[in-house]
Amino acid sequence: MSDLDQPKRAVVFGYHNVGVRCLKVLLAGGVDVALVVTHEDSASENIWFESVISLCQAEGIPYITPADAKSPELLAQVQALKPDLMFSFYYRHMLPAELLAVAPAFNMHGSLLPEYRGRAPVNWAVLHGASVTGASLHEMTVKPDAGAIVAQMEVPILPDDTAHEVFGKVQVAAEQALWRVLPSLLAGTAPRLHNDLRKGGYFGGRKPEDGRIDWSQPAQQVYNLHRAVAPPYPGAFTDVGGVRYVIQRARLAGTGRGNFGNVVSLSLPPGLAVVDNCIFGVCGDGRMLTIASLTADGEPITAEQLQTRLAARA
1 MSDLDQPKRA VVFGYHNVGV RCLKVLLAGG VDVALVVTHE DSASENIWFE SVISLCQAEG
61 IPYITPADAK SPELLAQVQA LKPDLMFSFY YRHMLPAELL AVAPAFNMHG SLLPEYRGRA
121 PVNWAVLHGA SVTGASLHEM TVKPDAGAIV AQMEVPILPD DTAHEVFGKV QVAAEQALWR
181 VLPSLLAGTA PRLHNDLRKG GYFGGRKPED GRIDWSQPAQ QVYNLHRAVA PPYPGAFTDV
241 GGVRYVIQRA RLAGTGRGNF GNVVSLSLPP GLAVVDNCIF GVCGDGRMLT IASLTADGEP
301 ITAEQLQTRL AARA
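Numbering (full-length UniProt numbering), first residue to last: 1 to 314.
It is worth saying that the hints were derived from the structure and are not from the lab. Keep in mind that a hint or two might mislead.
[Claimed, not checked] Lysine to any residue pairs mimicking SDA-like chemistry, simulated, CA-CA at most 25 Å apart:
{"no.": "1", "residue 1": "82", "residue 2": "64"}
{"no.": "2", "residue 1": "169", "residue 2": "249"}
{"no.": "3", "residue 1": "8", "residue 2": "183"}
{"no.": "4", "residue 1": "207", "residue 2": "187"}
{"no.": "5", "residue 1": "169", "residue 2": "195"}
{"no.": "6", "residue 1": "24", "residue 2": "6"}
{"no.": "7", "residue 1": "207", "residue 2": "183"}
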């Protein structure tokens with residue numbers, strides 16, 4: 001067998017659903033995955049996604065979970081494997097220049113680059129009311145999400161989609177983008193499209209506290225916040241009387257029958273309210289969210305129970 005007939009050897013850095021799906025694409029494409037570098041699940045995190053470790057165990061792929069991507073031990077281990085290619089599929093650590101120098105490296109990012117570079121791209125896209133996003137495979141550089149684009153796949157963000165629902169689309173887009181470009185990537189003929197960093201923007205990570213609701217904002221902005229952080233993410237919340245209320249499910253009111261599209265005539269102040277045994281979130285522009293499911297300090301609360309609590313504070 002000639003060198004041209006030998007399967008390409010790859011080292012994969014991966015985690016989360018995108019890590020699982022894209023690793024499966026490489027295996028289906030005949031890539032020799034010599035090593036997977038991944039993370040141990042954190043006991044403090046809500047693990048709602050698939051396990052890269054479980055896939056490695058099922059497929060007999062060697063894997064490691066180093067705490068530091070910059071460790072000399074990891075660099076030496078990857079260098080010893082002499083990979084033809086390296087991939088990063090939702091791996092959570094930046095790879096240092098020394099590691100990127102081992103072989104051509106490609107990262108899968110959950111947006112249409114150069115839009116929404118950085119952390120939590122799907123959540124930021126929903127928060128900003130974007131109507132489209134997708135997945136981008138790009139060359140890795142020391143600067144995050146800055147390398148040339150190799151492949152992209154677009155998906156819609158519907159008006160009522162939550163970030164979790166959009167992420168489901170993005171992970172399929174990532175699989176499709178990688179599947180389509182993989183033959184040319186392995187052949188060394190994949191395109192390189194300019195990643196214009198003058199466009200789009202860079203965004204940092206999000207914390208649970210970023211889900212705090214400012215009821216003085218217009219209803220669309222409050223709704224976008226809810227959609228961006230709805231479960232399985234921590235959720236949009238408001239504190240009333242020392243109790244934390246977290247919105248589990250809600251819709252922007254004002255379109256369907258039975259909804260109160262504009263409550264100015266009801267003289268309700270911004271914040272949580274109960275009208276006709278329904279829970280609403282009244283916003284700064286007089287419009288509101290119809291809240292179908294709400295928790296109080298982690299426990300479900302009914303409209304009747306909430307009305308009793310709100311009346312006691314009046």
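Each hint tested on the structure:
Distance hint between residue 82 and residue 64 is fulfilled; the C-alpha atoms sit about 17 Å from each other, no more than 25 Å. Proposed proximity of residue 169 and residue 249 is supported: the alpha carbons are some 20 Å apart, at most 25 Å. Taking the CA atoms of residue 8 and residue 183, the gap is about 11 Å. The hint holds against a cut of 25 Å. A C-alpha spacing of about 41 Å is found between residue 207 and residue 187, which places the hinted pair above 25 Å, so the restraint is violated.
Restraint check: the Cα-Cα separation between residue 169 and residue 195 comes to about 23 Å, which is no more than 25 Å; the hinted pair holds. The hinted pair formed by residue 24 and residue 6 meets the criterion: a straight-line CA distance of about 19 Å does not exceed 25 Å. Distance hint between residue 207 and residue 183 is unfulfilled; the C-alpha atoms sit about 39 Å from each other, more than 25 Å.
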